[in-house]
Amino acid sequence: MVLMKMKFPAEKRVRLAQGLWLLSWTATMAGALTFCLGCLLKTELRRRAEVMDNTEIHCVPHTLMVVGIASLGINYFAGRICQDALDPGRFPRWKGFLNPYFKVSLFFTSLMLLAVIMSYAMKGSLEASLKIGLKNGIRFYKDTDTPGRCFQKQTIDRLQMEFQCCGNTDFRDWFEVQWISNRYLDFSTKEVKDRIKSNVDGRYLVDSVPFSCCNPSSPRPCIQDQLTNNSAHYNYEHQTEELNIFVHGCRETLVKYYMGLMNTIGAVVLSVFLVQGSVLVSLRYLQTSMEAVAGQENAEIETEGYLLEKSVKETVMEYLDPVLKIIMPNQVASSDEGAEAGNPAS
Amino acid sequence: MALLKMKFPLQRRVRLAQGLWLLSWVAVMCGAFTFCLGIYLKTELLRRAEVMDNSEIHVVPNILILVGIASIGTNMFAGRVCQDSLDPARFPRWKPLLLPWMAVALLLCALLIASVVLSYCLQGSLEESLKVGLRNGIRFYRDTDVPGRCFQKETIDRLQMELRCCGNNNHRDWFEVQWISNRYLDFTSKEVKDRVRSNVDGRYLLDGVPFSCCNPSSPRPCLQQHLLDNKAHFNYEHQSEELNLYNRGCRKALVDYYMGLMNTIGPGILSVISMQLSVMVSLRYLQTAMEGAEALENPEDESEGYILEKGIYETVAEAKATTLSFFKFGTVEAETTDAEKAAPESG
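Chains as they are written, first to last, in the numbering used here: chain A, 46 to 391; chain B, 6 to 352.
If you are wondering where the hints come from, they were derived from the structure by calculation, not from laboratory data. This list has only true hints and no planted wrong ones.
Computed list of lysine to aspartate or glutamate pairs in DMTMM-like fashion (alpha-carbon distance at most 20 Å, straight line):
id, chain 1, residue 1, chain 2, residue 2
1, A, Lys87, A, Asp98
2, B, Lys236, A, Asp231
3, B, Lys236, A, Glu236
4, A, Lys176, A, Glu297
5, A, Lys242, A, Glu221
6, B, Lys236, B, Glu246
All figures in this text were calculated on a predicted structure; none of them were measured in a lab.
Construct the complete structure from the given sequences, taking the supplied hints into account.
See the structure below:
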């Protein structure tokens with residue numbers, strides 16, 4: 046029972062081949078676009094690599110780049126095949142090539158879909174990675190004299206200014222770490238000594254934030270120090286103050302940014318997936334309808350094209366049987382023996 | 006004695022027409038490119054329009070936009086002319102239009118050269134405009150409650166952060182204005198009263214700068230207040246401190262930015278000028294070669310093409326004579342009438 050049979054008169058075959066040639070070139074452009082989108086996403090992820098703890102999310106752009114390059118090859122061959130399809134002398138040499146070609150193409154096309162699914166599924170992993178990365182960035186903000194960490198301050202400052210965010214979850218994260226280095230603290234003053242004695246680890250904790258948390262849209266010059274002390278500043282209430290510093294945390298802002306980027310890329314990749322799928326379907330129809338012509342005297346007859354020779358279930362079983370035989374040889378053999386024993390008995 | 010005479014056999018004329026057709030389409034692209042450059046420059050100038058006092062510098066992008074549009078039309082016309090040039094029936098109708106076309110094309114090239122020259126000459130005007138604009142921006146920084154000025158603070162803050170600059174000439178410009186609004190000053194405290202009394206105008210002046218002057222590359226958390234007081238901060242010397250705030254002034258930063266932009270655009274414009282000139286020269290050769298071919302008995306014979314029919318001096322003298330005779334029309338007639346009257350009297 047054939048899957049999705051269609052009749053193909055000679056005229057329709059010619060139209061199919063021509064349409065497929067155009068479509069394969071469109072799909073080549075689409076494959077190049079996929080590759081470029083993968084590069085773009087990779088670049089954007091690498092720009093903020095310093096505030097990410099792991100690189101698990103990078104598998105999405107890697108997959109896109111692989112699929113992009115693979116689809117260039119797939120569509121090149123599709124174009125060549127459909128150019129040769131209408132020539133009965135040249136088409137037969139593609140015969141042995143086509144079945145493995147379809148398997149490989151299906152694999153890479155499904156990888157495209159997988160990349161889109163991954164970009165949504167890995168949101169949690171991205172968020173966890175950013176949480177740890179930002180926590181470290183804020184902790185090592187003051188270590189501008191430690192090799193390997195001396196650029197954390199600049200990274201965090203520029204990140205907060207560019208994305209208009211403050212801290213990890215929100216600005217209170219800055220109250221929990223010592224972000225002013227000991228090099229700039231005068232340990233002979235009472236204020237410094239009091240603060241250090243006030244907590245177990247001997248850290249200089251303040252209810253202040255760095256300048257990069259300041260919101261330029263505020264009508265008031267930025268208040269950075271003594272944020273929770275209403276009497277320290279004239280006409281100031283920290284509970285109702287909204288515009289002074291950025292209210293969003295950098296983790297939330299970055300996750301939103303990357304999810305927005307991946308949503309856009311996902312939409313484009315889905316349409317590329319549809320184009321690629323249609324190329325493969327058209328090529329399959331062309332192959333099956335041209336194979337029926339081969340060997341006939343009159344090449345202008347109407348033939349039938351189909352997607353699968355047998356139904357989906359039978360084709361799947363056909364492929365799975367060798368695999369099952371390797372995994373479970375005893376069971377298949379014993380069922381045969383049982384049948385044989387049963388027959389002589391009856 | 007023709008200027009730069011060249012011989013044009015039939016084959017060469019055909020090649021010239023075809024090459025000119027391609028060249029005119031390339032010149033149309035160049036015209037579109039010039040238009041885009043003008044739009045880009047205008048957009049960049051408009052982005053910072055709030056810190057500019059006048060818009061004299063806008064004449065440069067305006068010229069580029071006009072010339073871009075005009076040259077698209079001009080070069081399309083050239084393309085049509087050379088399409089028709091090889092057809093002896095259709096070419097004559099373009100003939101009277103070619104001289105005005107040359108004049109328009111020359112005018113466009115002159116305008117482009119003028120725009121390049123202006124982009125250098127107007128640097129002083131740009132700097133003056135920025136000086137006044139930035140001074141006002143810093144003065145009105147605190148007026149976030151005054152309609153029409155309420156966005157100055159945000160503009161100046163974002164400008165300083167983006168261009169990595171502080172103040173007009175340098176960060177000390179902030180010491181000379183009151184940039185903290187009275188709404189946020191506690192006039193009952195001694196400190197505020199002292200500062201307000203310490204100067205004639207009763208302004209709250211301090212040696213502090215806004216947060217947007219802070220340099221993220223500094224190893225130290227940003228020091229914004231008491232900048233001139235070494236004792237106010239631990240391990241701080243304002244004379245030797247370099248990384249705490251941005252060192253350069255916003256006026257210099259903006260002038261450098263715009264001059265860099267115009268220096269990049271300059272070579273592009275020069276190549277557009279040379280492209281336009283080559284279209285003009287080719288069309289002139291095609292016109293004269295086709296006219297020469299028409300005059301021959303066998304139109305397929307070799308003809309001559311030139312840029313000017315006579316030498317430069319003679320052409321200029323001729324043009325002068327024509328213009329003078331045009332203006333002296335009345336006087337010439339009067340003289341002839343006098344001569345006629347004199348003749349019968351004498352005769």
